[in-house]
Amino acid sequence: MPTSQPLPKVVVPPYDKNNVFARILRGEMPFEWVYGNQYVMAFRDIAPVAKVHVLVVPRGAYVNYHDFIENAPANEQLGFWKAVDHVARELGLAENGWRMVANTGKDAGQVVPHFHIHILGGEPLGPMDNPPRQN
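For the sequence shown, position 110 matches number 110 in this note's numbering, and the numbering has no gaps at all.
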């Protein structure tokens, strides 16, 4: 049940300046460009799980969602989310729908320790109703 007490601070690991997205942002690794502005870079995923699979990465050094929300200035946060919308529309996904995924931490399967959003679409993706867990 929600309370009015302050939430505990999330401990975020230190930022690894040599993670693959940091290297892409510095131009040290190849990528397939989709969109970019002062706040983000968007590029195609190298292992797509949908017909359209694009990553939107903030230019700032944020480990995960918690780090981004706690530490990115408001204009950077707004610029990021507006860019996510722009990319989805530019890719023609707005009419039929698309999925946005952000993996945060090891239990969620976050592989690259730099906050990013996956935009998935271009085909029916199906529901996200996994079979019930067996305890």
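Treat the hints loosely; a few may be bogus.
Simulated DEER-style distance windows between Cβ atoms [stated by the list, open to error]:
#1 73 <-> 101: 39 to 49 Å
#2 9 <-> 123: 19 to 29 Å
#3 5 <-> 46: 18 to 28 Å
#4 75 <-> 14: 36 to 46 Å
#5 51 <-> 75: 31 to 41 Å
#6 16 <-> 86: 23 to 33 Å
#7 74 <-> 9: 15 to 25 Å
#8 46 <-> 108: 18 to 28 Å
#9 8 <-> 35: 30 to 40 Å
Lysine-lysine pairs mimicking DSS-like chemistry, simulated, CA-CA at most 25 Å apart [what the hints assert, rightly or not]:
#10 51 <-> 9
#11 17 <-> 106
#12 9 <-> 106
Rather than coming from a laboratory, the hints here were simulated on the basis of the structure.
Here the structure is a predicted model, which is why all the values come from computation and not from measurement.
All residues carry an ideal CB built from backbone N, CA and C; glycine is no exception.
The hints, checked one at a time:
no.: 1; hint: 73 <-> 101: 39 to 49 Å; verdict: 24 Å, violated
no.: 2; hint: 9 <-> 123: 19 to 29 Å; verdict: 40 Å, violated
no.: 3; hint: 5 <-> 46: 18 to 28 Å; verdict: 43 Å, violated
no.: 4; hint: 75 <-> 14: 36 to 46 Å; verdict: 25 Å, violated
no.: 5; hint: 51 <-> 75: 31 to 41 Å; verdict: 33 Å, holds
no.: 6; hint: 16 <-> 86: 23 to 33 Å; verdict: 28 Å, holds
no.: 7; hint: 74 <-> 9: 15 to 25 Å; verdict: 19 Å, holds
no.: 8; hint: 46 <-> 108: 18 to 28 Å; verdict: 20 Å, holds
no.: 9; hint: 8 <-> 35: 30 to 40 Å; verdict: 36 Å, holds
no.: 10; hint: 51 <-> 9; verdict: 38 Å, violated
no.: 11; hint: 17 <-> 106; verdict: 19 Å, holds
no.: 12; hint: 9 <-> 106; verdict: 18 Å, holds
Of the hints listed earlier, those the structure fails to meet are numbers 1, 2, 3, 4 and 10, in rising order.
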